[in-house]
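Full structure from sequences and hints, please.
Each protein sequence line maps, in turn, to chains A and B. If you use our numbering, the first sequence corresponds to residues 1 to 156, in order. If you use our numbering, the second sequence corresponds to residues 157 to 359, in order.
Keep in mind that the hints were calculated from the coordinates and are not lab data. Keep in mind it's a predicted model, so treat the numbers as computed, not measured. Hints should not be assumed to be uniformly reliable.
[As the list claims (entries may be wrong)] Straight line, CA to CA, 30 Å or less: simulated DSS-like cross-link-like pairs of lysine-lysine:
#1 Lys-335(B) with Lys-354(B)
#2 Lys-74(A) with Lys-305(B)
#3 Lys-74(A) with Lys-256(B)
#4 Lys-305(B) with Lys-51(A)
#5 Lys-74(A) with Lys-51(A)
#6 Lys-51(A) with Lys-312(B)
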Amino acid sequence: MKPRSLIVIALLLLVLGGTGWAALAPIHVASHDELFEIPHGTWARRMAGEKIEILPQTIRLTLGLNDVLLLRNKDDVPHIFGPTLIMPGQSFSLPFAQASTYSFQCTAHASGQLNIIVDPVPDSAWERLRWRVRKLTNTAWQLARLPYWHNHEGHG
Amino acid sequence: MRPSLARLNHIAAFLLSLLLASASMTVSASATAEPALKAGVFNPPYLAPDFSLHGSDGSDITLSRYRGKVVLLAFGYTNCAAVCPTTLATLAQTRSGLGKAANAVQVVYVTVDPARDDAARMHRYLAAFDTSFVGATGTPDALAAVRRKYGITAVKQGGGRNYAMAHTSSIFLIDRSGKLRALMPFGHDAADFVHDVKLLLVQ
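Structure, rendered in structure tokens:
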């Protein structure tokens with residue numbers, strides 16, 4: 001058998017195995033926190049005319065896994081962040097105990113509203129798979145944003 | 157065109173790293189401790205911004221006046237159709253659920269609609285829920301300053317005499333030393349408030 005065929009078969013096995021594992025393996029998490037941070041210098045950059053969106057319009061959480069919204073203000077000034085005003089150096093930890101859609105008034109958004117969708121515990125194979133894919137996508141999104149914040153840290 | 161060996165190797169490496177990243181996310185240790193309160197918690201807690209407004213009991217209302225009590229601070233208006241009646245009913249149930257400990261709890265309700273909410277009107281309105289509740293009103297500027305300190309939004313909707321006010325519906329929990337400890341979003345029932353107030357009373 002050619003090496004190329006072997007690699008294709010290995011890839012297929014990897015995808016099948018990975019998908020099967022992602023669907024069947026129980027999920028354990030190190031922390032229930034879904035963290036969003038206001039970086040240092042955010043206010044100064046906003047004053048300079050930069051458009052900075054830290055919280056997405058809709059945040060998706062899952063009961064039993066990531067069901068605590070953790071907001072942290074690392075800037076020098078107070079910020080309205082999601083549902084509340086957070087002082088410099090302060091964090092706000094909001095737990096959710098019921099699967100539902102929550103809406104908060106939030107002046108940080110153009111729409112004036114922040115939506116938080118809390119999904120039930122993923123207890124079927126399909127839901128576990130979907131949760132893992134979503135988590136991976138979010139992690140990739142946050143990693144993609146890291147260089148931006150790193151490059152701008154302290155410039156305010 | 158068939159994929160080259162090098163490209164297949166890259167795909168394999170990418171899938172493997174994806175799998176490893178996913179695995180590292182999900183095989184970690186057990187969960188961290190749950191927050192003790194049902195409400196959202198401020199860490200570290202700072203002194204709740206004080207204010208001086210006209211009280212529905214005829215006196216000047218300040219937060220510092222209630223040191224030694226747990227204060228449940230809400231913002232709203234007496235013409236509110238749904239949110240405020242629900243909130244105030246929940247807070248009344250909370251005091252009932254606390255038994256004797258209710259004496260160590262003070263509900264303060266600050267209006268976002270000073271044009272219609274004078275002290276007398278707030279007194280009548282609040283007494284329908286719990287006679288211990290205290291309302292606070294003042295000039296538009298004074299109330300706007302209080303709202304800024306707490307990050308409260310209040311936006312007039314509609315015109316004429318029957319306008320509405322879209323406002324922040326969360327309730328602040330202030331401990332006996334005057335520190336702003338937590339914020340309970342709208343929708344929690346009295347049992348959650350009782351749980352949290354009891355915790356704050358023993359701290």
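Comparing the hints with the structure gives:
no.: 1; hint: Lys-335(B) with Lys-354(B); in the structure: 16 Å, holds
no.: 2; hint: Lys-74(A) with Lys-305(B); in the structure: 19 Å, holds
no.: 3; hint: Lys-74(A) with Lys-256(B); in the structure: 41 Å, violated
no.: 4; hint: Lys-305(B) with Lys-51(A); in the structure: 24 Å, holds
no.: 5; hint: Lys-74(A) with Lys-51(A); in the structure: 18 Å, holds
no.: 6; hint: Lys-51(A) with Lys-312(B); in the structure: 27 Å, holds
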